[in-house]
Structure formats: C-alpha cells, structure tokens
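*Asks:* Listed below are the residues making up each chain.
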Amino acid sequence: MANTVIGSSLIIDGEISGDEDLVIQGTVKGKISLRESLFVEGSGVVEADIETQNVEIAGRVTGNIAATDKVELKSDCRVVGDIKAPRILIADGASFKGNVDMDVKG
Amino acid sequence: MAQADQVGIIGKGIIIKGSLSGGGNLVIEGRVEGQIALKNHLTIETTGKVEADIRAEELTINGEASGNIDASSRVAINTSAKVAGDIKAPRVVIEDGAVFNGSIDMEVKLPDDI
Amino acid sequence: MASPKELSGPAGNTVIGPSILINGKLSGDEDLTVRGRVEGELSLTRTLIVEPSGVVKANVSVKNAVVSGVVVGNIAATESVELTRDGRMVGDIRSPRVIIVDGASFRGRVDMGELPPGRPLPERPRTQVRPAVRAALTPARPPVLPPRPAGRAPGPAFVSSRPAESAKAPPAPPPAPPTVAAGAKKKIVVKKKR
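Residue numbers (my numbering), protein chains in the order written: chain A, 1 to 106; chain B, 1001 to 1114; chain C, 2001 to 2194.
Treat the hints with care, since some could be wrong.
In silico SDA-like links for lysine to any residue, alpha-carbon gap of 20 angstroms or less [as the list claims (entries may be wrong)]:
| hint | chain 1 | residue 1 | chain 2 | residue 2 |
| --- | --- | --- | --- | --- |
| 1 | B | 1088 | C | 2027 |
| 2 | B | 1109 | C | 2107 |
| 3 | A | 31 | C | 2073 |
| 4 | B | 1088 | C | 2029 |
| 5 | B | 1088 | C | 2102 |
| 6 | B | 1109 | C | 2086 |
| 7 | C | 2063 | C | 2027 |
| 8 | C | 2025 | A | 15 |
| 9 | C | 2057 | A | 11 |
| 10 | B | 1088 | C | 2108 |
| 11 | C | 2057 | B | 1107 |
| 12 | A | 29 | C | 2021 |
| 13 | A | 31 | C | 2109 |
| 14 | B | 1109 | C | 2109 |
| 15 | A | 29 | C | 2029 |
| 16 | C | 2025 | A | 14 |
| 17 | C | 2063 | A | 8 |
| 18 | B | 1017 | B | 1068 |
| 19 | A | 31 | C | 2019 |
| 20 | B | 1109 | C | 2091 |
Hint data in this document are derived by calculation from the structure and do not stem from the laboratory.
All figures in this text were calculated on a predicted structure; none of them were measured in a lab.
Looking at chain A on its own, in the form it has when it is part of the complex (with noise of 0.2 angstroms):
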C-alpha cells in the first residue's frame, strides 16, 4: 500500500484529498479529505478542516474534524476544533479544546 508523508520540512497551504493513508510531519494549511487514515506525527502542525476515515494525532491541530470511524487524540498532543466521529479517544495528556460529537447520523 502506498503511503504519502509530508516531511517535517514540507510546508503546504491548500487541499488535499486522496484515497490512501497520509502521514503529515510538517505544516499543512487549509483543507484534508481522506477516504483512509490520517496521521499526524509529534512534530505535525495542521491548520485545517480535515474528513477523513481515522484521525491520529500526536502533533497539533487547529480545525474541524469529522471522521467517519475514529478520531484518536494522543498525548502530548494539541488540539483545538470541533470533533465529529463514532469513537473519540482522548489519552492522558493530550490537551484539547472544542466540542465533541459523536452522534454521527451521515
């Protein structure tokens, strides 16, 4: 299975979309839409509204996220945004700010 990581040094500001897994170690602005797996590495900076399938995030985010099956927040992580998803989990640790809904109907 192809993998695409955006290195720690990549920066991108707009969208991106795909059908595979996406690992983000540098700094992405705008806006994520997966079909699959979302991973946001320790030194991962999203300033973004992400859908996707699965979140993990070690790093930061700013921004919206619904994903359509998992959103798992690590520790040592920042978030701040909306979280829209089936199952949330939050680790001890991870600081997070917004509202969670997991309520997903469509």
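Starting from the known structure of chain A, arrange chains B and C on it as the hints suggest.
*Replies:* Showing chains B and C alone in chain A's frame:
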C-alpha cells in the same frame, strides 16, 4: 536511400556563406552561414560553427549552432554543443553539459484531465 | 502496518502517493517525490522527483528536478532539470543544466543562461571543470556520428552522480556568467515571497 551512404564533409578551414542543400549525409567541421536543407543526417562537429536555419532529417550537434532547426526525425544536442534557436522535431535529446537556449516543440501526449 | 517514521527516512523525504491530490502551495527543504498529483505552486530547496504516475500542474522552483511523469507549468531550477525517457512536459525550463533523454517529450522554452552562440566564446573549459561528473555520465564517444543511445540509461547515472557533485561543492558551474545566476536566484526569491 542510396544517398544516405554518401558522407560529405565541410572541413575545418572552409567557410560557406549562403544556402546549402542536398541529399546524403553531411558533416560540418568548418563554418556555415545562411541556410541548410538536407535530406538526411547532418552532423556539426566540435569544430563546426553554423549560423543558419537548418532543415534535415536528423541532426547531431557537437559544436555550435544558432538558428532555427526543423528536423523530421531527431535532434541530438551533445555534451560539447552550444545551441541557440527554436527546435521543431519529434525527438529531441539534450545531453548533460550541452548549452541550449531556445524553444523546443515536440508532440507531448498529456493525460486528458490536464 | 509500518510505522510512519520508517517510511520517511532520516533525511526527510516526502512522498505524495498515487491517489493523493494536493491543490495549493507547497514549499519545503527536503526532497519530494510525486506519485500523485500536485497543482498550484511548488518550491523546494532540494530535489523534486516526478515519478511516472505523478502529475504536477504547477509553477515549480527547486534545486533539481527529475521528471518521469507529467509536468505542465514552468520549472526554475538552480542546478538541473532532467526529463527522463518517460517524462512529458509542457512549459518553460530555466536551469543551468537541462537534460532531455531520448523518449522524453517536451514543448516550451529552455533557458540555460549562457552566452548565446554567435558572440565570441572562450574555449570551452566545461569538460575540464567537471571531469569526474563528465566521465561518469558519458561513455567515450567516437568523434563522428555518435552512437544511437540504445543501451544508455542516463537517468539513474545522473541521479547517482549527484552526491559526488555536491560534495565537490562549487555552488555554480564556473562557465556560467554571474549575471545569469543572479537573475535565476532573484526570480526564485520573488516566487517565495508571494
């Protein structure tokens, strides 16, 4: 292509001003200024210097050329070449080290969604 | 599934997978491999590799570019641009070194920024200046009618020779006049500002 076997050479000491045309292959080691129309393969050697619009089937440049180039099959700009002008050919090759300034017009098949 | 860290390598090499579309501005200080699609603007201080499945529809400013896929847009490279045998490009290239391999297709302008022929030229020091690279890249060639490049594979040879060259470290090839190098740099700075 019986003519293709013939190889004409314009030697180092020769300078031609005017138009040059014909069949067969030609190697230019000297200077040509004007116009060149050749049915077959033209080679401009490292010592060759051409200031002319060139039409040929195939063109190999090791020396200097300035002017527009129209080749029906292929243009090769080799390492030692220095070329300025516009090139029209189905195949164009530029080797590393060559110097080229100008435009290239080849057929480019792009995906439909571009 | 493999850990994401393993995928990127220590030097930080970004890969845009085949199903990914990025629309916007992309900039960075690492190598970028495009297997998917990038539209907009792309500026890197290192190498852009467009693989056969990759499509870049953008104005590009990089150090090196190796195009095996499709590029529509202009490329300004401070070092080199190579179109490999699968490369297809429409747009203008501005780079001190441009390599177009047989099989590649290209429409547009090439600006390598050197004295135009016709003016008196100094005897070419070029081959002596970079003997190591030259020797590695081009096999001995008979003086008349060079061989058809049937078995040649300049793509990989070029890629593998890159580290050797950068290790030698003259920032710009000496034959290039300073005016042109300055012009090329200026253009990139302007692009980055935008």
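*Asks:* Compare the structure with each hint and give your call.
*Replies:* We went through each hint and held it up to the structure:
1. Only pairs whose Cα atoms come within 20 angstroms are accepted, and residue 1088 of chain B paired with residue 2027 of chain C is rejected, the gap being roughly 34 angstroms.
2. The suggested pairing of residue 1109 of chain B with residue 2107 of chain C holds, with an alpha-carbon distance near 10 angstroms, which does not exceed 20 angstroms.
3. Restraint check for residue 31 of chain A and residue 2073 of chain C: not satisfied, since their Cα atoms lie roughly 23 angstroms apart, outside the 20 angstroms limit.
4. Under the criterion of a C-alpha separation no larger than 20 angstroms, the hint pairing residue 1088 of chain B with residue 2029 of chain C is inconsistent with the structure, at around 37 angstroms.
5. As the CA atoms of residue 1088 of chain B and residue 2102 of chain C are separated by approximately 15 angstroms, the hinted pair is consistent with the 20 angstroms bound.
6. Annotation: proposed proximity of residue 1109 of chain B to residue 2086 of chain C holds, straight-line Cα distance about 11 angstroms (limit 20 angstroms).
7. Note on residue 2063 of chain C and residue 2027 of chain C: the hinted pairing holds, with a Cα-Cα distance of about 12 angstroms set against a maximum of 20 angstroms.
8. Pair hint residue 2025 of chain C plus residue 15 of chain A holds up; C-alpha atoms about 9 angstroms apart against a cutoff of 20 angstroms.
9. For the hint pairing residue 2057 of chain C with residue 11 of chain A, the CA-to-CA distance comes to about 18 angstroms; that is within 20 angstroms, so the pair holds.
10. With a C-alpha separation of about 11 angstroms, the suggested pair residue 1088 of chain B and residue 2108 of chain C falls inside the 20 angstroms cut-off, and the hint holds.
11. Distance restraint check for residue 2057 of chain C and residue 1107 of chain B: the Cα-Cα separation of roughly 18 angstroms lies within the 20 angstroms cut-off, and the hinted pair is therefore satisfied.
12. For the given pair, residue 29 of chain A sits about 14 angstroms from residue 2021 of chain C by alpha-carbon distance, which is consistent with the 20 angstroms threshold.
13. Straight-line distance between C-alpha atoms of residue 31 of chain A and residue 2109 of chain C comes to about 35 angstroms, which puts the hinted pair past the 20 angstroms bound.
14. Pair hint residue 1109 of chain B plus residue 2109 of chain C holds up; C-alpha atoms about 17 angstroms apart against a cutoff of 20 angstroms.
15. For a cut-off of 20 angstroms, the pair hint linking residue 29 of chain A to residue 2029 of chain C stands: about 17 angstroms separates their Cα positions.
16. About 6 angstroms separates the Cα atoms of residue 2025 of chain C and residue 14 of chain A, which keeps this hinted pair within 20 angstroms; it holds.
17. Using a Cα cut-off of 20 angstroms, the hinted pair residue 2063 of chain C and residue 8 of chain A holds, with the two alpha carbons roughly 18 angstroms apart.
18. Distance check on the hinted pair: residue 1017 of chain B and residue 1068 of chain B sit about 17 angstroms apart at the alpha-carbon level, within 20 angstroms; holds.
19. Under the criterion of a C-alpha separation no larger than 20 angstroms, the hint pairing residue 31 of chain A with residue 2019 of chain C is consistent with the structure, at around 16 angstroms.
20. With a CA separation close to 13 angstroms, the supplied pair residue 1109 of chain B and residue 2091 of chain C stays within the 20 angstroms bound.
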